[in-house]
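Protein sequences appear in the order of chains H and B. Count the first sequence with full-length UniProt numbering and you get residues 1 to 388, in order. Count the second sequence with full-length UniProt numbering and you get residues 1 to 388, in order.
Keep in mind that a hint or two might mislead.
[Stated by the list, open to error] Sample of chain H residues facing chain B (criterion: CB under 7 Å; computed from the structure): (1) 132; (2) 244; (3) 268.
[To be verified] Which residues of chain H face chain B? A partial, calculated answer using Cβ under 10 Å: (4) 48; (5) 58; (6) 68; (7) 128; (8) 212; (9) 215; (10) 229; (11) 272; (12) 371.
[To be verified] What the simulated footprint calls covered on chain B by chain H, stretch by stretch (three residues with Cβ under 8 Å from a Cβ of chain H suffice, anywhere in the stretch; the number is not a length): (13) 53–64; (14) 189–195; (15) 233–247; (16) 256–267; (17) 272–278; (18) 304–315; (19) 341–350.
None of these hints come from the bench; they were simulated from the model. All residues carry an ideal CB built from backbone N, CA and C; glycine is no exception.
Residues per chain, in single letters:
Number of protein chains: 2
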Amino acid sequence: MNARNTQFTKAFHALKQNAGSHSPSMEDLKKMFPTLEIKIDACYLSNPYASELVLDYIDRELIQTNAYKKVLTHYPSQQRSLQKVMAESLHVKPENIFIGNGATEIIQMLLQQEEVQKVALMIPTFSSYYEFVGKGCEVVYFPLNERDDYSFDADKYCQFIENEQPDTVVLINPNNPNGAYLSLEKMHILLKRLAFVPRIIIDESFIHFAYEDEALTCLSSTVLFDMYPNVIIVKSLSKDFGIAGVRLGYALMDSRKIDALLEHGFLWNINGIGEYCLRLFVREDFLKRYEEARKQYIKEMCRFKEALLGIENVYVYPSMANFVMLKLPSRIKASFVISALLVEYGIYVRTMADKIGVEGECIRIAGRTREENNCIVMALKSILKDSK
Amino acid sequence: MNARNTQFTKAFHALKQNAGSHSPSMEDLKKMFPTLEIKIDACYLSNPYASELVLDYIDRELIQTNAYKKVLTHYPSQQRSLQKVMAESLHVKPENIFIGNGATEIIQMLLQQEEVQKVALMIPTFSSYYEFVGKGCEVVYFPLNERDDYSFDADKYCQFIENEQPDTVVLINPNNPNGAYLSLEKMHILLKRLAFVPRIIIDESFIHFAYEDEALTCLSSTVLFDMYPNVIIVKSLSKDFGIAGVRLGYALMDSRKIDALLEHGFLWNINGIGEYCLRLFVREDFLKRYEEARKQYIKEMCRFKEALLGIENVYVYPSMANFVMLKLPSRIKASFVISALLVEYGIYVRTMADKIGVEGECIRIAGRTREENNCIVMALKSILKDSK
Numbered sequence: 001m002n003a004r005n006t007q008f009t010k011a012f013h014a015l016k017q018n019a020g021s022h023s024p025s026m027e028d029l030k031k032m033f034p035t036l037e038i039k040i041d042a043c044y045l046s047n048p049y050a051s052e053l054v055l056d057y058i059d060r061e062l063i064q065t066n067a068y069k070k071v072l073t074h075y076p077s078q079q080r081s082l083q084k085v086m087a088e089s090l091h092v093k094p095e096n097i098f099i100g101n102g103a104t105e106i107i108q109m110l111l112q113q114e115e116v117q118k119v120a121l122m123i124p125t126f127s128s129y130y131e132f133v134g135k136g137c138e139v140v141y142f143p144l145n146e147r148d149d150y151s152f153d154a155d156k157y158c159q160f161i162e163n164e165q166p167d168t169v170v171l172i173n174p175n176n177p178n179g180a181y182l183s184l185e186k187m188h189i190l191l192k193r194l195a196f197v198p199r200i201i202i203d204e205s206f207i208h209f210a211y212e213d214e215a216l217t218c219l220s221s222t223v224l225f226d227m228y229p230n231v232i233i234v235k236s237l238s239k240d241f242g243i244a245g246v247r248l249g250y251a252l253m254d255s256r257k258i259d260a261l262l263e264h265g266f267l268w269n270i271n272g273i274g275e276y277c278l279r280l281f282v283r284e285d286f287l288k289r290y291e292e293a294r295k296q297y298i299k300e301m302c303r304f305k306e307a308l309l310g311i312e313n314v315y316v317y318p319s320m321a322n323f324v325m326l327k328l329p330s331r332i333k334a335s336f337v338i339s340a341l342l343v344e345y346g347i348y349v350r351t352m353a354d355k356i357g358v359e360g361e362c363i364r365i366a367g368r369t370r371e372e373n374n375c376i377v378m379a380l381k382s383i384l385k386d387s388k
Numbered sequence: 001m002n003a004r005n006t007q008f009t010k011a012f013h014a015l016k017q018n019a020g021s022h023s024p025s026m027e028d029l030k031k032m033f034p035t036l037e038i039k040i041d042a043c044y045l046s047n048p049y050a051s052e053l054v055l056d057y058i059d060r061e062l063i064q065t066n067a068y069k070k071v072l073t074h075y076p077s078q079q080r081s082l083q084k085v086m087a088e089s090l091h092v093k094p095e096n097i098f099i100g101n102g103a104t105e106i107i108q109m110l111l112q113q114e115e116v117q118k119v120a121l122m123i124p125t126f127s128s129y130y131e132f133v134g135k136g137c138e139v140v141y142f143p144l145n146e147r148d149d150y151s152f153d154a155d156k157y158c159q160f161i162e163n164e165q166p167d168t169v170v171l172i173n174p175n176n177p178n179g180a181y182l183s184l185e186k187m188h189i190l191l192k193r194l195a196f197v198p199r200i201i202i203d204e205s206f207i208h209f210a211y212e213d214e215a216l217t218c219l220s221s222t223v224l225f226d227m228y229p230n231v232i233i234v235k236s237l238s239k240d241f242g243i244a245g246v247r248l249g250y251a252l253m254d255s256r257k258i259d260a261l262l263e264h265g266f267l268w269n270i271n272g273i274g275e276y277c278l279r280l281f282v283r284e285d286f287l288k289r290y291e292e293a294r295k296q297y298i299k300e301m302c303r304f305k306e307a308l309l310g311i312e313n314v315y316v317y318p319s320m321a322n323f324v325m326l327k328l329p330s331r332i333k334a335s336f337v338i339s340a341l342l343v344e345y346g347i348y349v350r351t352m353a354d355k356i357g358v359e360g361e362c363i364r365i366a367g368r369t370r371e372e373n374n375c376i377v378m379a380l381k382s383i384l385k386d387s388k
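Input sequences plus hints: build the corresponding full structure.
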């Protein structure tokens, strides 16, 4: 480990402290380390092929036509209009759709309802689910076991829920940060047993990357929402469509709840570019091309995971998401590997040091394009070989 | 009034009902009336010269350089970083700045705090201030008098507040929808008398269009925030900079309150274009050009108001904002004038039919560019002449 790397590790640590339980933004990183060149952002859990596709549409339909000027200067449509836009392609009634300024706005809104007094979470999980709970709300944790690859035992989990009697249960599928996936069949069994829970939030932000057949058919959450009255679906659109800067997500939930929310707020919470994207994401011409980008990315993810499995001494947790959590040999610190990747290769990956419930020295790597994934594998191999 | 106009009046009424207490969006209007061409949007309270300036920067710095691609696809910075960006130009500590996804997000957040149990509003006012209050919160109204041009009597108002003892007082300055302005001197007198009120929200969304000297010096709200510990400043950035589609606003408030808010949410509530704009709005090169655009617009507003005063039988309420409220002769329905402007001239103005506290047949017209304002004056003159 050279001097620049050591110095960097310390400074990065300070920046990470400020960013709380998330990665420091590229903007902040560049400000602190102006000479640092981030070539590959493998913190960011998005489909780069989908990003490219959306940008192609934006270029042709907003930029080249100058339509972006109106999009940026005029008020966007209100929720009631946008609900209708999404309803048809989701096969859900407009009044059951709540559109959010990113999934984080939705998570915050859901958790801060006064009827949410006790939330059950599995850990490790996405930090906003425990950070955003309202004042006085209790959070109970069901620890996933490292020995089971952080997958979960439905029987034990249901016993836990029966004992704890939370009013709200959160299931992230595939889970973040490890990517473990619960099949639709198992989900049905679970939801039948959990019919007594008032609210089950299923966060399907990574569901477009999971599959259950060889054709990689996109898994739909509408089925669960239709069948189980206690189910609320939360969906980020940043990951599958690769547009985190736009801030866009939605929830499927009880229309009476949405009516009450819209009566007291969430008036213009979607920006103009967000509205353009929503209208784009339901268009047939776009969806046809998106399906290709989605499948291309899943195939590349499979290849990437295989390649990571080929790295000696590293444990790769099974993942159906667009990222993998890796466990390093205990003699090698995750902070060292993260710094080495960033300083020596310009590759930005996610520390797991702040993740409650993750054991050992772990990092999380998002899958990127084929070329970028190859660079990541090569860099990791080289760093781990040097530190033997 | 021709058949097309009558038919339109009815259909527009239905659309308006759906949009609640706001104007139907251009997108919704176009969907319902595909043949309608909206040439001038005088519902929209923005400075078109500033829009043009911001778009010029966006064109040169985001579009032509392709930087917009990163802005849309990558996560924006978190609140803590953006606070620092704004602090210097506002001469306020970073920890006192809360940046919102439009002022509406901030209003919603402020009003739904559990300590807000009784809110005092003057009416007429911006509807979100009574619509967004939390469950069980009482709202008391101080009616502004039509005979006083909806300006307000500070003595009577203070007596009202002393009697009612609200925990939160809202002052919009200049007021929306009439544009009445309370001078800085009068504001100081008022705030001294209202020192006993726990929270005074001053909404200065239109303050960039008001002036107290011939040089049209921009009025700063920081003074009030610094001097009175119960003052919270709310500021939309959509109006002065003309970027409603971006969704951007901020509040100046107690740092402990902001700490508590950020601990439980508002993580990535500003989108990538919003972040670009925030960083732009504090740059010296931009601010120099913005000052020119602001003054140019104020001067044009003065000319526009003069021209409106020249229309027979129409009463123009005094306004220091970038809009004017007009009262029509009682024999002429506001809905007729609004439809005639839209159908015959493609000019979209705001009905006041839904505004609590506005008496008579009124419309609100936003000032636009010189050419557009001339069209509005001509169209109004013609419509009113025909309906004599």
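Each hint, compared with the structure:
no. : hint    : in the structure
1   : 132     : holds (5 Å)
2   : 244     : holds (4 Å)
3   : 268     : holds (6 Å)
4   : 48      : holds (8 Å)
5   : 58      : holds (7 Å)
6   : 68      : holds (8 Å)
7   : 128     : holds (7 Å)
8   : 212     : violated (29 Å)
9   : 215     : violated (28 Å)
10  : 229     : violated (23 Å)
11  : 272     : holds (3 Å)
12  : 371     : violated (17 Å)
13  : 53–64   : holds (count 4)
14  : 189–195 : violated (count 0)
15  : 233–247 : holds (count 7)
16  : 256–267 : holds (count 5)
17  : 272–278 : holds (count 4)
18  : 304–315 : violated (count 0)
19  : 341–350 : violated (count 0)
Hint violations for this structure: numbers 8, 9, 10, 12, 14, 18 and 19, all remaining hints satisfied.
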